[in-house]
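As given, the protein sequences belong to chains A and V, one line each in that order. Numbering that gives the first Met the number 0 puts the first residue of the first sequence at 0, with every later residue one more than the last. Numbering that gives the first Met the number 0 puts the first residue of the second sequence at 0, with every later residue one more than the last.
Because the hints were derived from the structure by calculation, they are not lab data. Take the hints with a grain of salt, since some may be wrong.
[As the list claims (entries may be wrong)] Here are the simulated lysine to aspartate or glutamate pairs, EDC-like style, with alpha carbons at most 16 Å apart:
1) V:K67 / A:E305
2) V:K61 / V:D39
3) V:K1 / V:D13
4) V:K67 / A:D241
5) V:K28 / A:E258
6) A:K221 / A:D143
7) V:K61 / A:D241
8) A:K37 / A:E99
9) A:K277 / V:E57
10) V:K61 / A:E273
11) A:K291 / V:D8
12) V:K28 / V:D39
13) V:K67 / A:D337
Bear in mind the structure is a predicted one, so any value in this text is a computation, not a measurement.
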Amino acid sequence: MLLAGFLCNELKLLMPATTLIPARFLREDDQKPRFTGKQLVLLNSAATTKTITSQAKKSSLRLASTADFSKSRTGDFLTQALVQADGIVFEKLKVAIINEALEDPMRHLMAASSTARNFLRTEAERFVYALAGSKKKKSTLFTDNSSATWALQAINVLKSKYSGKGIRVAVLDTGIDTGHPDLKSRIRGKKTFVSGQQVMDRNGHGTHCSGLVAGLHHPTRKFRYGVAPDAQLYIGKVLSNDGVGTDSSILAGIEWALEQKCRIISMSLGGAVEPGEKYSSVYESVAREALKQNCLIIAAAGNESERSRNIIAPVGHPANCPSIFAVGSLSASLSISDFSCGGLNSDGGQVDIAGPGENIWSTWKNNGYRRESGTSMATPIVAGLAALIQQADPDASAAALWMRLSQDAKRLPLPASDCGAGLAYSRH
Amino acid sequence: MKFIAVVTDKDKIDQVVKSLEALGCTIEKVLRLTGVITGDAGPRKIEELNLPGILSVEPDRKISIRKKRPN
Numbered sequence: 000m001l002l003a004g005f006l007c008n009e010l011k012l013l014m015p016a017t018t019l020i021p022a023r024f025l026r027e028d029d030q031k032p033r034f035t036g037k038q039l040v041l042l043n044s045a046a047t048t049k050t051i052t053s054q055a056k057k058s059s060l061r062l063a064s065t066a067d068f069s070k071s072r073t074g075d076f077l078t079q080a081l082v083q084a085d086g087i088v089f090e091k092l093k094v095a096i097i098n099e100a101l102e103d104p105m106r107h108l109m110a111a112s113s114t115a116r117n118f119l120r121t122e123a124e125r126f127v128y129a130l131a132g133s134k135k136k137k138s139t140l141f142t143d144n145s146s147a148t149w150a151l152q153a154i155n156v157l158k159s160k161y162s163g164k165g166i167r168v169a170v171l172d173t174g175i176d177t178g179h180p181d182l183k184s185r186i187r188g189k190k191t192f193v194s195g196q197q198v199m200d201r202n203g204h205g206t207h208c209s210g211l212v213a214g215l216h217h218p219t220r221k222f223r224y225g226v227a228p229d230a231q232l233y234i235g236k237v238l239s240n241d242g243v244g245t246d247s248s249i250l251a252g253i254e255w256a257l258e259q260k261c262r263i264i265s266m267s268l269g270g271a272v273e274p275g276e277k278y279s280s281v282y283e284s285v286a287r288e289a290l291k292q293n294c295l296i297i298a299a300a301g302n303e304s305e306r307s308r309n310i311i312a313p314v315g316h317p318a319n320c321p322s323i324f325a326v327g328s329l330s331a332s333l334s335i336s337d338f339s340c341g342g343l344n345s346d347g348g349q350v351d352i353a354g355p356g357e358n359i360w361s362t363w364k365n366n367g368y369r370r371e372s373g374t375s376m377a378t379p380i381v382a383g384l385a386a387l388i389q390q391a392d393p394d395a396s397a398a399a400l401w402m403r404l405s406q407d408a409k410r411l412p413l414p415a416s417d418c419g420a421g422l423a424y425s426r427h
Numbered sequence: 000m001k002f003i004a005v006v007t008d009k010d011k012i013d014q015v016v017k018s019l020e021a022l023g024c025t026i027e028k029v030l031r032l033t034g035v036i037t038g039d040a041g042p043r044k045i046e047e048l049n050l051p052g053i054l055s056v057e058p059d060r061k062i063s064i065r066k067k068r069p070n
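With the hints as extra help, turn the sequences into a complete structure.
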């Protein structure tokens, strides 16, 4: 369906808004004309319509005003105005539309010293078209190749000049394979909070997450999978080898990470919440305190959704705290993962960013490697990226780091409730 | 029941610990950087622990890894 630009503006005029800007839509294809021939003119917002029309008149331009039609705004009032006059001033928008072939008087108005301050800029009025949905089914955009995992390609980290050097990142999880050849030199601190269990990871999950933060590459295949290979790992074992823990262990792990002056805490853990359930005030207070102490807590949004069955589960605990940076999961075609939780609850519970979270290759227990899926994987990838950003700007506060991650994110054509600011993305 | 709590003023956390102990709670961890107290309330309800100086108190929940479970 073809809609002329002026019609779009007219529709907006019928609404009570006062600060609308003319819409700009992309063409659907190259066959459709882009411009109407008319001009849009940006006016000084401080100038009255009377001044504008009076100054225009001196340049032989007869301008009508929307106020002239205030009582009779039928569908074709704009057409009438543009037939009867040379153009029309949209009083509330401080924008005018000028008819075709009147470029010369407009140029004069913008150039003359007495009028230039009121006639600021012109641009060609566009046709706007209904946006058509993509007809092409999305195919896989990224694949693991001989040099790196799809995840590292997707977050654009391979060209980064930063490696996370000197940045302390805590991974609170099931521990780490302390003897893993890819990781042992990265471990700067470790502590267990699980009674009767050593930091040594007998589950594999913690080793996987740690590898995503600070693993470098496969020793023989030279296949890169870690985001910040020079980051300093602080491993807090807060979950047992069965992958289970308690709030009290995790809070103790956060406290320890703050004692160790970690700038980033990666938590691929959590518990499901019900729709409408409020976030934990205890964790929110702790996360705020961590931010004050320049430590950003990054946590997995959760995997309870089954989107293929139209089930979207709310972001889990504790990622649902407003002061914890919540990470959703993306597939290699950059669609939201079937399992990834969404921002449903109005009181907290938003997704802040999304990262690669399906078939992610990293280290595993017993000197191993394997692919895993989950918001668990997306989270340490974002934590590693945060380490690169922190290295690029060592004085950046945790709040600034939060903002940088969000600003640098690559926007995706997906709901913000699913992917927050978009795909975590390296701009350094 | 096990609990987690956060205090309103970290500098006065020891006073809150004493109050909880006086109520009969067993204190397990006192985390001074974040102002957190964890412990066991025994037979008491969580709401009973809402003493002066406590900002919030909640049950100590079970937490697990966020790896996707195989279908």
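The hints, checked one at a time:
For the suggested pair K67 (chain V) and E305 (chain A), the alpha carbons sit about 11 Å apart, so the restraint of at most 16 Å is met. Note on K61 (chain V) and D39 (chain V): the hinted pairing holds, with a Cα-Cα distance of about 15 Å set against a maximum of 16 Å. Between K1 (chain V) and D13 (chain V), the direct Cα distance comes to roughly 19 Å. Violation of the 16 Å bound is thereby established for this hinted pair. Pair hint K67 (chain V) plus D241 (chain A) holds up; C-alpha atoms about 14 Å apart against a cutoff of 16 Å.
Annotation: proposed proximity of K28 (chain V) to E258 (chain A) holds, straight-line Cα distance about 15 Å (limit 16 Å). Distance hint between K221 (chain A) and D143 (chain A) is fulfilled; the C-alpha atoms sit about 13 Å from each other, no more than 16 Å. Our distance criterion of 16 Å between C-alpha atoms is met by K61 (chain V) and D241 (chain A), whose separation comes to about 12 Å. Note on K37 (chain A) and E99 (chain A): the hinted pairing holds, with a Cα-Cα distance of about 5 Å set against a maximum of 16 Å.
In summary, the hint linking K277 (chain A) to E57 (chain V) is supported, as the alpha carbons are separated by about 12 Å, within the 16 Å threshold. A hinted pair counts as satisfied when its Cα atoms are at most 16 Å apart, and K61 (chain V) with E273 (chain A) qualifies at roughly 15 Å. As the CA atoms of K291 (chain A) and D8 (chain V) are separated by approximately 15 Å, the hinted pair is consistent with the 16 Å bound. A hinted pair counts as satisfied when its Cα atoms are at most 16 Å apart, and K28 (chain V) with D39 (chain V) qualifies at roughly 10 Å.
About 10 Å separates the Cα atoms of K67 (chain V) and D337 (chain A), which keeps this hinted pair within 16 Å; it holds.
Checked against the numbered hints above, the structure breaks only hint 3 and satisfies the rest.
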